[in-house]
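If you read the protein sequences in the order shown, they are chains R and C. Take 1 as the starting number for the first sequence in the numbering used here and just add one per residue. Take 1 as the starting number for the second sequence in the numbering used here and just add one per residue.
In silico lysine-lysine, PhoX-like type, Cα no more than 20 Å apart, as pairs: (1) R/Lys244 - C/Lys286; (2) R/Lys357 - R/Lys389; (3) R/Lys286 - C/Lys286; (4) C/Lys244 - R/Lys286; (5) C/Lys357 - C/Lys389.
These aren't lab readings, by the way, just hints derived from the structure by calculation.
There are 2 protein chains.
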Amino acid sequence: MSDVIEALERALGERVRREPEILSAHARDSWSLAELLDYQGEPGPAPIAVVEAADTSDIASTLRLCRQHRTPVVVYGGGSGVCGGIRVGEGTVVLSTRGLTGLVAIDDNDLTATFRAGTMGGDAERTVQEHGLTIGHWPQSIEISTVGGWVATRASGQYSTAYGNIEDIILDLEVVLPDGQILRTKRTPRAAAGPDLRQWFLGSEGTLGVVTEVTLSLRPLAEHHVRQAFHFETLRAALPTVQKFMREGWRPPVVRLYDPRESQRHFGDACPKDRAMLILLHEGPKAAATTEADAVAELCRTAGGEPADASAVDEWFDKRNEVPSFRSLAEAGLVVDTIEVASTWQHIANIYEAVTKSLDEVPGMLSATAHTSHAYRSGANLYFTFVAKPADQASMADTYRECWDRAMRATLANHGGIAHHHGIGRVRRDYLVEEIGKVGVALLSTLKRALDPDWLLNPGNLLPLPSAKNGD
Amino acid sequence: MSDVIEALERALGERVRREPEILSAHARDSWSLAELLDYQGEPGPAPIAVVEAADTSDIASTLRLCRQHRTPVVVYGGGSGVCGGIRVGEGTVVLSTRGLTGLVAIDDNDLTATFRAGTMGGDAERTVQEHGLTIGHWPQSIEISTVGGWVATRASGQYSTAYGNIEDIILDLEVVLPDGQILRTKRTPRAAAGPDLRQWFLGSEGTLGVVTEVTLSLRPLAEHHVRQAFHFETLRAALPTVQKFMREGWRPPVVRLYDPRESQRHFGDACPKDRAMLILLHEGPKAAATTEADAVAELCRTAGGEPADASAVDEWFDKRNEVPSFRSLAEAGLVVDTIEVASTWQHIANIYEAVTKSLDEVPGMLSATAHTSHAYRSGANLYFTFVAKPADQASMADTYRECWDRAMRATLANHGGIAHHHGIGRVRRDYLVEEIGKVGVALLSTLKRALDPDWLLNPGNLLPLPSAKNGD
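Using the sequences plus the hints, can you model the full thing?
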C-alpha cells in the first residue's frame, strides 16, 4: 500500500492527496443506500489516496502505476451517480477527473465543442450558450455531474425525446485504457469503420477506461418555444396519446407524463386532483414548433386531454433540478429512491401498475409513484419514486433492498429493461444477467479481462467480480 | 480438410454443399477489384464447403465444428458488399445465412418487426409495408442485401438524414458468438445497462460473430410527401445551404447534392449544364412535410438555388437502385468503383476537391465525380465514383489500387473519415489504422483474440492478421 502511494507521489507530487476529509469525500457516489448506511454509522472504507489529475497524462500515469502495484483504482467525476457506481473497497486509489476542466475548442461552423472530461455539465452548457448554441443534454444532475461522467454512465437528459441520449450527442472521445494507452476516436459524423469504439466506453462506468475528453455535436439555441400541458384520467389512459404522436413522427424535446399522485405533488392546482398531467415543450424554427404544438394539442384533445395552465410547465422548468438530499431524508427515517426502467409500448402501463402495486405491499411504504420522461417510437421509460418509513430504523437498509428487488422483479416479469439512464452500479449489478443474459455478462467480462486482467478498474461495479476478489 | 467436412456432414447432412458452382458462387462478395481479377483469370480460391444453415442452431454447430477443426469460416449473406469483406482463403468453409429467412413477428402497436438474418432487404420492407409500416432503411442494395448484412456492415440507407442509419433503426439482435454461444440482447428502446453489446457486432463484418435475428423499430408509412429540387452553381456553393437547414433542425429523409458532372449524368435536361443539383424528399404528417418543404425551399432560393422540375426527383426514385455490374465494366476495359467518406462541414468541400483532383491525375482517368447523400448537424458524407480506362489492360488492378490509395490519402490529409457506410473489408483494411489509430486497431484485435483466439472468423477482413497466418 505504501509502495503505490510512494510511486504515485514520485510521479505526481502534490496532486496525490491524503487529507482525511478529501479521502472520505471520495469514498462513494450519491447512492441512496450508501447515504443511508453512512448515516447509520457504516460509511465503508475510504480510499488510500485521491489523485487529482491535471491532464490526460496524469490519468495514464496513475493507471500504469496502479497496474504495476496491482492496486484497485476508481475514477471519480462529479460523484452524482445514484446507483453505487462508486464505492471504494479496501486499499483503493481514487482518480479524480475534476482537474481536467474547460473547453478545448468550439467550432460554430461544425457545431462542435470539445471539453475536458471533468468539466461540470452546467459549465459546459453555459459555455456553448455564450455562442448561441446548446448541447441539448439536460440531465437533472447537470450542475453536479461531469461531461465525462455523462459518457461513462450513458446518461440521458430531459430533452432526449427530440435530441437523443448522450450516445446520440457525442462526436468523438479520448479515453485512457487500463494499461495507460490513449485511444482517440475519429471526428466524423458517422462511420462504418468496424465496431464503434466509443460504445465500448459509453456505459462502462469506470470499469474499462477513463474518458478524458469529449467532443459534442451541438445545436443552435431554438428560435421559438411552445410550452403546453394537458391532463388525462390516468397515466394508463394518457400513454396512447404519447405513443400516437411519437408514432406520427412528432418529437417534442420535453414529454413528461406523471401519474395522478406525482401530478398533484408537482403541479398542485394546475392539475385537478386524481388526473395525470402531461407537460410538453416544442421548440425549433417558429413554423416547426407551432406546427408540432398544434398537431400534438389536437391529438391530446381528441383523446380526452383537458388543457392545463401552461404556467405549470414554466414552474416545472424553474424547479426541475431541485431534489432533497438522500441524507436529509434518511435523517427523517425515510427510505427513498428513484428507479428508471424502459420497455416497448405494450408493456409500459403493465410495468407501471405491477411495480407500484408491488412497492405498495412493502411495510411502511408511504408512496410509490411514477412518470414517463423519455419517449421513443417503440416504447418509453418509467421513472419510479418510492418513499417508505419502516417502523424500525434498523431495518431501513433491508427495506431499501426489498423495494429495489420488487421493482426489478416486477419490471422483468413484465418484459421491461432494468435501467433506462441511471446505470447499473452496484444496485442493479446482480440483475444485469436478466437484462443481457449469462452470455452477455460473460461477453462483457471477456472484454474486461482482456483490457484489465487484474480487474483493477472499479472492481465490483457493473459486473460481478470474477472470483474471490475483494470489493463490494 | 476432409475431417471438418465429415464432421459438418455428420451434423448438418445435406445442408453442407460441395457442388463446384455453389462453391465458386460463394468465394467473394461484389468487390470491384475481385470482379476485375476474376475477369482477368485470377478468381482466387473457392471455399471447401458451403453450409446452407437453416436456423440459429445450424450456425452455432458450424462455428463450433470449425473451431474444433481450426478451420476458417466466412459468413455469407447477400454477397452484395463492395469492399472485399468476403474473399475466402484456402481451406475455408462458407456459412450462408440465406436459409434463415422470413418474418418472426411483427407488432404494429410497438412498431417492431423481427426478421431472420438472411431475409432480403426488399422482402423485409415489402412485408412491413403490407401492414402500412416501413423500415425506413433504403440502401441501394436493398434487393440484394440481407437484414443481417445490414447490421454486420453498419449500413446506411437513402433516407438516413431523417431516419438514421442501421444502428438507429435496430432494437435487438440475436448473435451467435465464435464459440457457438448465443447472445440475445434486450428488447428495450434504450438502456444504460453497461456498454451496448449490439454495437460490438454492428460493423464487425463477420469477424466477431454471426447475426441471426434482427428486430427493427418501424415507422408508419408517411401520410404526405413533397419532392423538390434546386440547382446551384457548384457543389461547394450549395453545401452551406444543406448545412444551414440541418443546423436549423430540418430533417428531409432524402438530401442528395450532386456535383455538376453527376447532375448532368443523372438529371440531364432537368439540371442545366454545369450546375449542381440538390434533390429533396420531405415526408410525414402533411403539416410537418409542407412546413419543412417550404422552409427548405426558402433557404435554397435565398442562397441562389434555382428551382428544378420535381419530376427529376421522381425519375431518380424510379432508377435509384439501377447500377451496371462491375463485371460488364471490367469487360469494357473500365476500372470503376465508388468510395464513400465523411467529415465535418469545414472539410467537406476541401475533401471533394482534393479527392477528385488527385483521381484526375491517374493515367486513363475518364471521370472522378461525387455527391453527398447523408447529412448530419456536424457534417456530411461524400460518395465518389471514378471511371478509368488504363491504356494497358494488364495494369487495371494497379490502376484500381492507385485510385483507392489516392482517395484515402486525400481524405485523410483533409481530416476525413475513411468510410461512411460501405465498411472496411479488404479494400480499406490497411487504412483503418489512420481512422482509429494504432490503439484502436489494437483494441479491436484484443476483442477479436478474446472471442476468436484462432482468428478463424473471416480472417484477413477488417483487421490485419495478427501474425504469419494465411488469408488475403
